[in-house]
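Colleague: Here is what each chain is made of, one letter per residue.
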Amino acid sequence: QKEVEQDPGPLSVPEGAIVSLNCTYSNSAFQYFMWYRQYSRKGPELLMYTYSSGNKEDGRFTAQVDKSSKYISLFIRDSQPSDSATYLCAMRENGQNFVFGPGTRLSVLP
Amino acid sequence: SQTIHQWPATLVQPVGSPLSLECTVEGTSNPNLYWYRQAAGRGLQLLFYSVGIGQISSEVPQNLSASRPQDRQFILSSKKLLLSDSGFYLCAQAKAGYEQYFGPGTRLTVT
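In order, the protein sequences belong to chains A and B.
Quick note on this note's numbering: the first sequence kicks off at 1 and runs consecutively.
Quick note on this note's numbering: the second sequence kicks off at 1001 and runs consecutively.
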């Protein structure tokens, strides 16, 4: 079992849809959770970060962490064509390096 | 705010040739620095990380090496490239070890 798993996609949705992107993990020591957006041929851009369990909202984006289920989600409301990208989850335990999921490719169709 | 520069942006090199990729960071001091490789359609593979000048940790044994000659400079090198070294190389920094920020990347094609 991989340490971090992520739905590979690709995922296609119409403009305005709510998108749910998910990651599961096996290491219960992970405490810091991040979501990155990566446009084609560009470096990943940090979107959201959360510590431990709970929700965090930033504009159209909401990050959710459920440590009891070892499950994190990123919700995108009112999705736009500009949201079309690959989304990477990442996590780490205290003092250790980051572990990344393989990414989910999202296409938002106008 | 911090900025990460990488060059070159793209590179095509023949098998067996040497490699030098450079990463510099602005707007922060004493950051943790990282080199990742991303193969097409795959996740990020951590290659090296550094917590300070001259301090390099290798995550994956291979024909690549890294050096940190200055606080905000991180270099990835190889003496002889292999076909399997092709990929998208990303430099990243994490000041507090919590939020990690990436540079624009170098796309390497080994022919």
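Mixed in with the good hints there might be a few duds.
Taking CB as the label site, the calculated pair distances span [said to hold, decoys possible]:
| # | chain 1 | residue 1 | chain 2 | residue 2 | range |
| --- | --- | --- | --- | --- | --- |
| 1 | B | N1063 | A | G54 | 18 to 28 Å |
| 2 | B | V1060 | A | G54 | 48 to 58 Å |
| 3 | A | G95 | B | Q1070 | 22 to 32 Å |
| 4 | A | K42 | B | Q1062 | 18 to 28 Å |
| 5 | B | A1009 | A | G95 | 26 to 36 Å |
| 6 | A | S68 | B | Q1070 | 23 to 33 Å |
| 7 | A | E15 | B | E1022 | 33 to 43 Å |
Just so you know, the hints here were simulated from the structure itself, not pulled from any lab data.
Where is the CB? At the ideal position from N, CA and C, for every residue including glycine.
Colleague: With reference to the structure, classify each hint as holding or not holding.
Modeller: Evaluated hints:
1. Between N1063/B and G54/A, the C-beta spacing of about 43 Å breaks the proposed range 18 to 28 Å.
2. At about 34 Å, the beta-carbon gap between V1060/B and G54/A misses the expected band of 48 to 58 Å.
3. Checked against the given bound of 22 to 32 Å, the beta carbons of G95/A and Q1070/B, roughly 25 Å apart, stay inside it.
4. Between K42/A and Q1062/B the C-beta distance comes to about 25 Å, which sits within the given range of 18 to 28 Å.
5. For A1009/B paired with G95/A, a C-beta distance near 33 Å keeps the hint of 26 to 36 Å intact.
6. Range check, S68/A to Q1070/B: about 44 Å between beta-carbon atoms, so the 23 to 33 Å window is missed.
7. The supplied range of 33 to 43 Å is met by E15/A and E1022/B, whose beta-carbon atoms lie about 40 Å from each other.
Going through the hint list in order, the structure does not satisfy hints 1, 2 and 6.
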